[in-house]
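Enquirer: Chain by chain, the residues:
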Amino acid sequence: MAATTAVHGAPAPAAQRGGKGAISIKNVTKIYDPGGVNVVAVDNCSLEIASGEICMIVGPSGCGKTTLLNAIAGFHSITTGTIHLDGELLCGPDKPKAEQGADRIVVFQNGALFPWKTILDNVAYGPVIQGQMSRVEARDKAAHMLAEAGLHDVGDKYPGEVSSGMARRAEIVRALINDPKVLLLDEPYRAMDALTKSIMHEALLEMYDRTKVTIFFITHDLEESIFLGDRVVVMTTRPAKVKQIVDVKIPRPRDYKILSSDEFRNLFGQAKDAVHEEAIKAFESGERELA
Amino acid sequence: MSGDGITSAMPNPGTVEGGRMQAPTGLALFRYHMNKKLRSPAPYLMVVGISLWVLLYWLFCEVWLLPRFEKMPGPVAVIKEWTAVKPFQGISLFTELYYTHIWVSVRRIMIAFTIATVVGVPLGLLMGWSRRFKDYIFPILETLRPIPILAWVPLAILMFKGLETPVIFLATLASLFVTVLNTLLGVESIDEAYFRAAGCLGSKPRQVFWHVVVPGSLPFIFTGLQISMGVAWFSLVAAEMVSGDYGLGYMILASYMNNVTVPMVIGMLTLGFVGWFTSALVRMTGNRLMQWRTRALALEGR
Chain Y
43 MAATTAVHGA PAPAAQRGGK GAISIKNVTK IYDPGGVNVV AVDNCSLEIA SGEICMIVGP
103 SGCGKTTLLN AIAGFHSITT GTIHLDGELL CGPDKPKAEQ GADRIVVFQN GALFPWKTIL
163 DNVAYGPVIQ GQMSRVEARD KAAHMLAEAG LHDVGDKYPG EVSSGMARRA EIVRALINDP
223 KVLLLDEPYR AMDALTKSIM HEALLEMYDR TKVTIFFITH DLEESIFLGD RVVVMTTRPA
283 KVKQIVDVKI PRPRDYKILS SDEFRNLFGQ AKDAVHEEAI KAFESGEREL A
Chain D
3 MSGDGITSAM PNPGTVEGGR MQAPTGLALF RYHMNKKLRS PAPYLMVVGI SLWVLLYWLF
63 CEVWLLPRFE KMPGPVAVIK EWTAVKPFQG ISLFTELYYT HIWVSVRRIM IAFTIATVVG
123 VPLGLLMGWS RRFKDYIFPI LETLRPIPIL AWVPLAILMF KGLETPVIFL ATLASLFVTV
183 LNTLLGVESI DEAYFRAAGC LGSKPRQVFW HVVVPGSLPF IFTGLQISMG VAWFSLVAAE
243 MVSGDYGLGY MILASYMNNV TVPMVIGMLT LGFVGWFTSA LVRMTGNRLM QWRTRALALE
303 GR
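Heads up: the sequence lines are chains Y and D, in that order.
Everything in the first sequence is counted per this note's numbering, starting at 43 for the first residue and increasing by one.
Everything in the second sequence is counted per this note's numbering, starting at 3 for the first residue and increasing by one.
A hint or two may mislead.
In silico EDC-like cross-links for lysine to aspartate or glutamate, where the CA-CA straight-line distance does not exceed 16 angstroms [as the list claims (entries may be wrong)]:
id : chain 1 : residue 1 : chain 2 : residue 2
1  : Y       : Lys254    : Y       : Glu244
2  : D       : Lys163    : D       : Asp247
3  : Y       : Lys239    : Y       : Asp198
4  : Y       : Lys314    : Y       : Glu265
5  : D       : Lys206    : Y       : Asp145
6  : D       : Lys206    : Y       : Glu141
Honestly, the hints are just simulated from the structure, not real lab data.
Chain Y extracted, bound-state conformation (with noise of 0.2 angstroms):
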């Protein structure tokens, strides 16, 4: 329990590799008021993520996570306190919701390609929407990336014909086509089995490679916490605020084979031993989970 402290700790050795979205969170509070009653969905919440890290937040359902994706992205506001993006305001005091804008890019939960437009036009939708390309360009741009990220016949396919770890991955090509500073997924392979599941994992380890990108990886699953993380922020039951970072030093690139060793294993039992905890509070309570 000794990380309880490193809230304000050192950024992790990701920090180096990246040179631009470093998130600062610092005594965030979120009230929500349904019906007159308020609710505290985070709590005085503070914490510091370095550009180019791969931030994974755990916690019990509904404890908040997700309420300060949703602040970092633009979608909600906050109550009090700040969240900058290297160094600039996204929200704070005078500003409680900020603007949404592609140097932050959500990956839903449950996949958010348009479905009414081919994966190729999905891909290239951002530089197109946004006037930094044309349509040709845009979508030779989006295709060689497609097929960087091993999507290579898909392009002509609508989102409702392929698989949902092929539209998944091709969503997160749609969010890196615009460069952004910081990738926001939210348990994007939540509804995928084992297998599947560790295949996504390769393909994003892959693409963060070529990328450096910031991410701030939402999930349940502790074992894709510490295989994809540099560190693991393990939340408290609501309200949310940190309760434990868990640094994960095993060097990159990591495979599948990490799973079976012992310094993973260590690191999934500190994990588990407090997640464990939040989640006897979290069921004891009872409470209807929160957005």
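With chain Y's structure known, arrange chain D on it following the hints.
Expert: This is chain D only, laid out in the frame that chain Y set:
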């Protein structure tokens, strides 16, 4: 070809190119579908079903002459009259008047349906898009909508001159309500995640409208347009019966008044066919515009 032999009872029309199965296209695809359809029981059941109904109709009206059915023309009488070069009761496939009635009704439907769609779809989209716009429009719409279309008939006749405009007005009004409401539901049915994704990717509100709101509500819009087409026919015929000089509704009522019952039934059946045809037209247009949906549904076997 994989040739697993389990389900491939019928020949696979695709071709193998470079080791990959190529999906059939054009005529080959059409033949594949026809072939598949003819191997399923559906078409045969359909033929049997229709035959049974017609047989029953024939027995009731022309063989047993059951009470209540004795004044109704039977299938043999209707078909004889319908196909007669010189029909006794004035209407058949060979009389010009028959086509005049059809054309007048179809023309009115086209005008009414077009106006209702051109006005209704944007109205519904804007209402779904802007909370404020909805607050302005929706209460009035919801008050007017439950008024049965026949209750509008006297007002329509007072408001519009001539015979043509009141009829078109009534059909337009009926289908307008359906179109607006379904379009609004269509916008509201779009998953919030698509709006958020569009926002993340840097879309301005107007771009969200064109890239998310419009395509995302298309499935509901087209369901609505099919219903609206049905409603348009319904109110058109009702209106033609009250005020009109031509049209299928007028033809049915006039036949009844003149005590010629066969054209009455011909008119009803014609309405059935034309209505079915126009609905199918709307459905086909929808499927063309929503390839993404058609293709995904096809993979689910629908």
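Enquirer: With the threshold set at 16 angstroms, check whether the alpha-carbon distance from D:Lys206 to Y:Glu141 stays at or below it.
Expert: holds, 12 angstroms
Enquirer: Hey, Y:Lys239 versus Y:Asp198, does the alpha-carbon distance stay inside 16 angstroms?
Expert: Roughly 25 angstroms separates the two Cα atoms, so the pair is violated.
Enquirer: Does the alpha-carbon distance linking D:Lys206 and Y:Asp145 stay inside the 16 angstroms limit?
Expert: holds, 15 angstroms
Enquirer: Between Y:Lys254 and Y:Glu244, is the straight-line Cα distance small enough, at 16 angstroms or below?
Expert: Holds: Y:Lys254 and Y:Glu244 sit about 15 angstroms apart, inside 16 angstroms.
Enquirer: Is the hinted pair Y:Lys314 and Y:Glu265 satisfied, with a Cα-Cα distance of at most 16 angstroms?
Expert: Satisfied, since the Cα-Cα distance of roughly 10 angstroms is no more than 16 angstroms.
Enquirer: Do the alpha carbons of D:Lys163 and D:Asp247 lie within 16 angstroms of each other, as the hint requires?
Expert: This hinted pair holds, its Cα atoms lying about 14 angstroms apart.
Comparing the model with each earlier hint shows a violation of hint 3 alone; every other hint is respected.
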